[in-house]
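Asks: Mind docking chain B on chain A? Use the hints.
Heads up: the sequence lines are chains A and B, in that order.
Heads up, the first sequence is in this note's numbering, so the first residue is 1 and it goes up one at a time.
Heads up, the second sequence is in this note's numbering, so the first residue is 1001 and it goes up one at a time.
No wet-lab data here; the hints were simulated from the structure.
Predicted model, so just to flag it, every value in this text is computed and none were measured.
Just so you know, even glycine gets a beta-carbon here, dropped at the ideal spot from N, CA and C.
Facing chain A, a subset of chain B residues (Cβ under 7 Å, in silico):
{"id": "1", "residue": "I1018"}
{"id": "2", "residue": "S1022"}
{"id": "3", "residue": "L1025"}
{"id": "4", "residue": "G1026"}
{"id": "5", "residue": "A1029"}
{"id": "6", "residue": "L1030"}
{"id": "7", "residue": "N1032"}
{"id": "8", "residue": "A1033"}
{"id": "9", "residue": "A1036"}
{"id": "10", "residue": "Q1039"}
{"id": "11", "residue": "Q1040"}
{"id": "12", "residue": "T1043"}
{"id": "13", "residue": "E1044"}
{"id": "14", "residue": "A1047"}
Over 12 Å on every C-beta distance to chain B, these chain A residues come out as not near it, computed from the model:
{"id": "15", "residue": "C28"}
{"id": "16", "residue": "V45"}
{"id": "17", "residue": "H55"}
{"id": "18", "residue": "G118"}
{"id": "19", "residue": "V121"}
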Amino acid sequence: MSRLPGAVPEWLIARARFRSTFLVILGCIQVPYGIALLLSQHSTVPVLWWPGALHQVDGVTVTAWGWVRVAVGVFVLGTCWRKADRLPFAASVMLNFVWASLAIQRGFDPPHEPGAWGPGVIYLGISVGVLMISAWPDPVLLDEVQVPGDLG
Amino acid sequence: MASAAAHQSGLPWDTLIISAISAALGVLALINASKAKQQQAATEGHAANIQAFDQAARFYRETHERQGEQVQQLVEENTRLAAQNATLTRQLNRFERLVAELKIVLPDEWQGNGG
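So that you can see chain A by itself, here it is in the shape it has in the complex (with noise of 0.2 Å):
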């Protein structure tokens, strides 16, 4: 493969068609967002987006949700080298369909908040293609196969 210049290095080209890598980009943004529910809650200005703006998301607290976001980040990011990945792949499935459907279900129950479903519709994209990614086996990588002494 020849390299241009200012193309895309070559070894995060191999590196993106492993499951592993989408899973730590899974982990890199879940542990951030929970992060940011965290401190959502200690903000001295106020907060105007969902659900930072709240306390709590169909009777729990933000803060547990960002605790759970930052847990569930942590052991995406924890389990996702290992061969399998089963459980990070639900656990994040799960997650951000629950996180989706409150969302929605916000943004549509009284009080309406329109600002809800909108996150809501991009967290719904994000569990049904993480979904799908759970479905796509690795690529194939064989080491050279050696034939036992020389027969000639």
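Replies: Just chain B, lined up with the frame of chain A:
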């Protein structure tokens, strides 16, 4: 029944439905991941077989070529030895004719074969 019990305990229906769908999606993700790993293992096995077959075919082709070269060398050696043999046969015949003409008596073991 579990849903009814949970509803009676105070959980709203929407929470139950969301939880149930989320759990179903989680199970689906587990199944997806398992099938992906099985498919990957099958593909790896298939690719390993193909690679081993290719390597064996290359090995036997190289062996065939090497043995062909050895056969060619043996043929050339055989031709050279046959020419030497013909030369020696002619020289031996001339020598025997000369011995017969000069009436020289040679010992029985003169050829060195004990015969």
